[in-house]
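Student: Spelled out, the chains give:
Protein chains: 2
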Amino acid sequence: MKALQKCLLVGAVAVGLTAIDTHQLSAQSQTGFFEEFGTMWTFDAPPLDYWEQTYGFRPTQDWLDHVRLASVRLPGCSSSFVSKDGLVMTNHHCARGCITAVSPPDTDYHETGFVAQSMADEKPCPGVYVDQLQSIEDVTTRVRGAVTARGAEAQVEQRDSVIQAITSECRDETGLNCQVVTLYQGGMYSLYRFERFNDVRLVMAPEGQAAFFGGDPDNFTYPRYDLDLTLYRVYVDGKPRQTDHYLKWSEKGAAENELVFITGNPGSTGRLLTLAQMEYLRDVQYPAQLAGYQRNLAVLRQVAARSEEDRRRTQNQIFGVENSYKAVSGYLSGLLDEDRMARKKIFEDDFRSRIDSDPALKAQYGGAWDAIAEAQAGVANLAAKNRYYGFGGSQLLELAGTLVQYPGQMAMPDSMRLPAFRSNQLQRLRGQLTADRAFDLELDGLNLVAQLKAAQAELSEGDPFLTAVLNGRTPEETAHSLLSGTRLGKASVRQSLLDGGIEAIEASTDPMIVAARQIAPLSAEVAERMAPLNATISANAELVGQAIFAAYGHSLPPDATFTLRITDGLVKRYPYNGTYAPYKTTLFGLYARAAEFDNEAPWQLAPLWAERRDQLDLSTPINFVSTNDIIGGNSGSPVVNQDAEVVGLVFDGNIQFLPNRFIFNSLVARTVSVHSAGIIEALRKVYDAGWIADELQGG
Amino acid sequence: MKALQKCLLVGAVAVGLTAIDTHQLSAQSQTGFFEEFGTMWTFDAPPLDYWEQTYGFRPTQDWLDHVRLASVRLPGCSSSFVSKDGLVMTNHHCARGCITAVSPPDTDYHETGFVAQSMADEKPCPGVYVDQLQSIEDVTTRVRGAVTARGAEAQVEQRDSVIQAITSECRDETGLNCQVVTLYQGGMYSLYRFERFNDVRLVMAPEGQAAFFGGDPDNFTYPRYDLDLTLYRVYVDGKPRQTDHYLKWSEKGAAENELVFITGNPGSTGRLLTLAQMEYLRDVQYPAQLAGYQRNLAVLRQVAARSEEDRRRTQNQIFGVENSYKAVSGYLSGLLDEDRMARKKIFEDDFRSRIDSDPALKAQYGGAWDAIAEAQAGVANLAAKNRYYGFGGSQLLELAGTLVQYPGQMAMPDSMRLPAFRSNQLQRLRGQLTADRAFDLELDGLNLVAQLKAAQAELSEGDPFLTAVLNGRTPEETAHSLLSGTRLGKASVRQSLLDGGIEAIEASTDPMIVAARQIAPLSAEVAERMAPLNATISANAELVGQAIFAAYGHSLPPDATFTLRITDGLVKRYPYNGTYAPYKTTLFGLYARAAEFDNEAPWQLAPLWAERRDQLDLSTPINFVSTNDIIGGNSGSPVVNQDAEVVGLVFDGNIQFLPNRFIFNSLVARTVSVHSAGIIEALRKVYDAGWIADELQGG
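Going down the list, the protein sequences come from chains B and L. Quick note on my numbering: the first sequence kicks off at 66 and runs consecutively. Quick note on my numbering: the second sequence kicks off at 66 and runs consecutively.
So that you can see chain B by itself, here it is in the shape it has in the complex (with noise of 0.2 Å):
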């Protein structure tokens, strides 16, 4: 593969400079770095050559152990060391769970925060455990070497076999949490190793509403105002953890266009995928994911419409359901950038006319892509169907489908269920059909009704679920008769309809557990069918990720896995909104923000901030925003500068990062974080946690 490595380098460079700035030439066409593919570097590949030529900065090992060690994982973000008594800086949105379950009965500390007053006043987190990096091996030629069979399905036998192999084998010989994670879509695997660290206290995190100011509405976006911190502390043995390796904080946080760097854990990235899986995307997922959203939002807007108390009780829902279309909408608009799909296509193009022009790489994966396209393409036949085969709309029709399916998964080894049905899942699973909720029928059947006109308009007349859900019926009609007939509202009758098992679901003349065992059958079949599709679509995903990895090699960072990664990237304006929007934003703009919407929610002031107004330096930070790769999961990284000491605290990226999920590009994306001197100020000023500032600044 050396051959095809150093010709494709090559001749990649000048295919990637086509549509990157002018301004970057030099750097990127030394290195062979492709904008698109973003900066989600891994530690044990870092690319020392194009910072130092990018940025004139080439870390050392030692600065890059360091900040590895300082950098933990959380369940589901990331967050960072920066005390030598193991505090630990993460997101307020990170740390819901704990907030939860440490505050006393009578008291939401998501309404009113929590500030220990010292070390014995913190609060055990259940549950909470944070991850430490400790090594990273290369285990691709193991992995590779157990996999002899032709089948695809053996394949994966031996692969998750071996792979469990080296777990556990990892696992008895260092006593440490170990993953392999696969990368490149499998052209690499790497052994990762964590120590993990289980006693987790909270020791300070403002109100929701001073974390979460601006609500959904601000969410994605950027000016930004919120302190989103929660601050735990990781105790060994009853003793708050000593360590050498914690971020120091910095006496001024970052300059406009410094170099900063973000060491976190983004969970997915879809950079690898071919142009056509970006198109079924594209044209097909998320454009129907959108009119699912629309028609739910258009149902809430109705109930709201219909009394203040209604208005009130919706809206937070609305907002929601408006953040997740503003997400998805973002994902869509960059498939949508006629700029960046011809980018992306001129890459594969240019790569796959040269795997072709090797008659040995053509044999091997020259099928892989149109694979994909022709098995993309059956996805997108079925789509509709899949979408609508099922138990959607209806809170109670959902109920009712699980139900239905529960004897059936039961008596399947648990590696051939539905994941939802999987024992891992099954307590979870139990309870939420057993516990004892109210339902809005209305909303429910307005869903119904919707979900059902849908189904109408994008089925094919006589479509099999039609005639089984509608029988010739109106969708009001068939809502109606399934809403008001139904039992299923009441918990005693889901309970035992779970206990008496295939008999009494076959026995029930429940109008929704009729209707879904009219459905089950037509869901299991569109399943059976798309399994397949799927097996060839990874199948084939996989040969191109080994080929694009043993291409460029490290040169292009892997999609995010969830793993720890680091980013390069300056604080920066940006062109918005027919002018710019600054690097960062001061306490000023927080009062002004609350001002403008007459303090009316989400964009209300917390009443400490309120009361504390005239203490604080309004010119003090409180956000800012640099060109750094980021993703979901990175929330709670530290944000550090070339000396490794804390300038911020990612939490969110600007409505224009969106679109990098796919096709990467920093002329306006943003990561947006929460800036070193508003915390300090917080702090001292806001929450008199004057100690642990003093802690955070090595006082």
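Rather than coming from a laboratory, the hints here were simulated on the basis of the structure.
If several chains are the same, the list does not tell them apart, and a pair holds so long as it fits within one copy or across any two.
Derived DMTMM-like pairs (lysine to aspartate or glutamate); straight-line CA-CA distance at most 20 Å:
| hint | residue 1 | residue 2 |
| --- | --- | --- |
| 1 | 317 | 708 |
| 2 | 750 | 679 |
| 3 | 555 | 505 |
| 4 | 637 | 323 |
| 5 | 149 | 302 |
| 6 | 637 | 665 |
| 7 | 410 | 344 |
| 8 | 317 | 665 |
| 9 | 637 | 663 |
Starting from the structure of chain B, add chain L where the hints point.
Tutor: Leaving out everything else, chain L in the frame of chain B:
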């Protein structure tokens, strides 16, 4: 025409509604109102029914007369009487000339601001006057009746002459300033009678930095924080003018979603243009204009990169060109908006088919649209030649061109000359030709090279202009030869060429003059070919205007004519940047934006504002937005509530308002105004101008 009118109105409603927001449906369907034509109503045809149905507000004739008389026109701007003693409120950017003129030799009031300490201290503004609209009379019948000739030229002469007659008679009879206004491209002629007040004095102007905070980058945008205010006073016979027709000051300003009106003089819109005319702007004119700005910017940025001093020196010019680029991009974006253009097309197709279905109407108007389209295609064919056959790129070449054309132009009767050479422009032109100025020859050369390269790219090979000017040389060689050899940089050389007449020009061997002599006949020839095409377009545009006015009457407001209009709208937040822009901004926001750019120009605070910060109530509103329909010329217009009280002072639109020039839409387009409360807070606490605030508030 009555039958046509009725039939079209009914049909038109259905058409207009297809693309209009459903929440406005009922008001529109009852009034036949088309959102895309905007809301710049004339005072002789206020849409009372539409207002009543939409807002539940039907102003009385007294109300309308009162706000009409309180609203006065300045040269190029709008303004209003805001005290019983003749205070007039307008924008700072409408008063620049006066502010310069009244600054003492050692002081620049643009930098320091100016506040009269008492009436005695007020400074007479040379050449500034205000026009107060006394009455409007429909003179269409008389104008139409006087046009009896068949040929277009003779018709123009007849029309000019009857308009001249009407104007003189009016002046003689009333002693007022009279103007016949052509509305609906000639669909209607109205006689506007104005009382003119010539003694206007400067009372108060803030520092330019407070008035234009954010400079060109923030221009045409919102959120904004500008005190774009100047106060004048009108004197009559040396005494402040006493009047009851002034606008009282609102105590609180407008609340969100409140109905407000704006009275002022919008300068120019193109909403009655045909689709072919809009397509020409979209496909030919604006792209070429933007390319020109980009060439200019590239040159300026090249110069700016030479040194820090060059950067500072070119900074304002760069911001200025970026601002023009922003404006034209905004206009273009509206024409590129498929929804807007579809709406325009639906209207035009429907209207034309209705005209065509009546033989009499078809004979009179049916051919107008195609005639315009055909002439516009001719203009498009000539566009590249028309763009480059001239003296563009270099300032020195432009001077050479003017010198070369001068003798020939002087030999013609005034009405036949190019506009710049007509007698009313001659003094200015001669001044420009002979002024002693410094030229940046490098910048001039770079601009000329850019212009010649663009000409090479856009004109066919062997084009006579390229042959004449380049004569086989590269653009760089040509520019070098022209600039190194010319002596036109010296004012005395230009003076003697001007004084020497045609003989001096013909004898000159200055390379700039030689080149200009070669270009001049080419330029004249293309102008001659353009003239009949433009004449065809304007004659047929008049037919289109007549047909539209005959059919829809005042239910479609006429295009802007820099005469008094009243536009309705709501004070209203809007979706922006992934979230919402608030309906108002506050002084908190002013201090925020300055701090967020580290007080760097153009976001630095005026010194007095920095000094007085702690004395201000920072939650005071400073700017706000509403959905009213404005455009250049409306600057300085008052915003009034239903009680005809001042709630604001128009000074700009947001970036989304720019596309409204051609097709109006109020979903996200907003007018930006200074808030009445911010004016009072600034007068009292920043400028120590309590006596003026007292006068405004009627104290």
